[in-house]
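Novice: Sequence:
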Amino acid sequence: MEITFLGTSSGVPTRSRNVSSVALRLQQRGEVWLFDCGEGTQHQLSKSDVKASQITKIFITHMHGDHIYGLMGLIASCNLAGNRQPIEIYGPQELDNYLRSCAQYSHFKLPYGIRINEISSGTFYEDNEFIISAKLLRHRIPAHGYCVIEKDRPGRFDVKKAVSLGIPPGPIYGELKQGKTIQLDDGRFIRGQDLCGKVEKGRKLIYCTDTIFCEEAVELARNADILIHEATFAHQDSQLAFERLHSTSTMAAQVALGAKAKKLILTHFSPRYAPGNNLQLSDLLNEAKAIFPNTILAHDFMTYSIPRHIEQNKSIKLKSIS
Numbered sequence: 001m002e003i004t005f006l007g008t009s010s011g012v013p014t015r016s017r018n019v020s021s022v023a024l025r026l027q028q029r030g031e032v033w034l035f036d037c038g039e040g041t042q043h044q045l046s047k048s049d050v051k052a053s054q055i056t057k058i059f060i061t062h063m064h065g066d067h068i069y070g071l072m073g074l075i076a077s078c079n080l081a082g083n084r085q086p087i088e089i090y091g092p093q094e095l096d097n098y099l100r101s102c103a104q105y106s107h108f109k110l111p112y113g114i115r116i117n118e119i120s121s122g123t124f125y126e127d128n129e130f131i132i133s134a135k136l137l138r139h140r141i142p143a144h145g146y147c148v149i150e151k152d153r154p155g156r157f158d159v160k161k162a163v164s165l166g167i168p169p170g171p172i173y174g175e176l177k178q179g180k181t182i183q184l185d186d187g188r189f190i191r192g193q194d195l196c197g198k199v200e201k202g203r204k205l206i207y208c209t210d211t212i213f214c215e216e217a218v219e220l221a222r223n224a225d226i227l228i229h230e231a232t233f234a235h236q237d238s239q240l241a242f243e244r245l246h247s248t249s250t251m252a253a254q255v256a257l258g259a260k261a262k263k264l265i266l267t268h269f270s271p272r273y274a275p276g277n278n279l280q281l282s283d284l285l286n287e288a289k290a291i292f293p294n295t296i297l298a299h300d301f302m303t304y305s306i307p308r309h310i311e312q313n314k315s316i317k318l319k320s321i322s
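The opening residue of the sequence shown carries number 1 in UniProt numbering; numbering runs sequentially from there.
Worth flagging that the hints you see were computed from the coordinates, not collected in a lab.
Among the hints, a few may not be true.
[As the list claims (entries may be wrong)] Across the chosen pairs, the derived CB separations fall in these ranges: (1) E88 <-> N278: 40 to 50 Å; (2) P154 <-> P275: 43 to 53 Å; (3) E175 <-> R15: 55 to 65 Å; (4) S101 <-> K180: 47 to 57 Å; (5) H299 <-> P168: 14 to 24 Å.
This one's a predicted model, so the numbers in the text were calculated from it and none came from an experiment.
Note that the Cβ used here is the ideal one computed from N, Cα and C, for glycine as well.
Work out the full structure, taking the sequences as your base and the hints as a guide.
Specialist: Written as structure tokens, this is what we have:
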């Protein structure tokens, strides 16, 4: 699981930062999942190592322009490039009408493989590897945060031990890998869990923007490996945050602290903290780290790999039951 930030500015792009979009690369599946798609996202993709042709899912948090204005252009470009891969798009109720209106007035037919799905709070997607859920946050219009949970991986199956126990290769190995107990032809019972290492716990990624501090964000981010959270304003500008229902750097840190997240990545910065101004983004980082030390600032094209929960030097104990 690898995150690439394609846009980290709020409201409008700057010389160094585009507006919101984050790509999650699932290399083992050859897929890219996109979170928000602000204006110019397709340009950012072309400058990055992320392949637009691998996008299979797009998650939109809310209907403000800096999170959706790039969506129609990206869809059209993928279509012109001959990309026939189906794309599932998830977002607010208005998203379907928005895209169909854009298509109508630009005389463009949405590709057959584009499917638009309305979300609400709760789990809305699950497959063999991932569970995706959303929770309504607090913003001026309805905005959802997203939670991606990787399912636990079975422990490594010890083939050598299986062979030493006289277990013949074949479909039976698949059952043992799943932790099942099987009976051999000689009458012995073998427990699969005794032939597998410790289960590898799945990873948890949270994406929260736009929102002011709220308990819903804390609940969504509980025990997250990575919490990506907006930090539009510095603590000094908290009045603006309350007026516009955005977060300060300290609010984002409080969410991470309350949720017991492992790492906080700040994004969605107001252009007011550009170089030369009284407050810099380094000030926002220092404010957040005073509350939650394991905090970093995102920048456009920053890539971060979410480490797996692999335990080293595991020993496998074998037992047979009769």
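Novice: Against this structure, judge whether each hint is valid.
Specialist: Going through the hints against the structure:
1. Against the hinted window of 40 to 50 Å, the Cβ-Cβ separation of E88 and N278 comes to about 44 Å, which satisfies the hint.
2. Look at P154 against P275: about 50 Å separates their beta carbons, and that is inside 43 to 53 Å.
3. Roughly 58 Å separates the CB atoms of E175 and R15, a value that falls within the hinted 55 to 65 Å.
4. Checked against the hint of 47 to 57 Å, the C-beta distance between S101 and K180 comes to roughly 53 Å, which is consistent with it.
5. The supplied range of 14 to 24 Å is broken by H299 and P168, whose beta-carbon atoms lie about 55 Å from each other.
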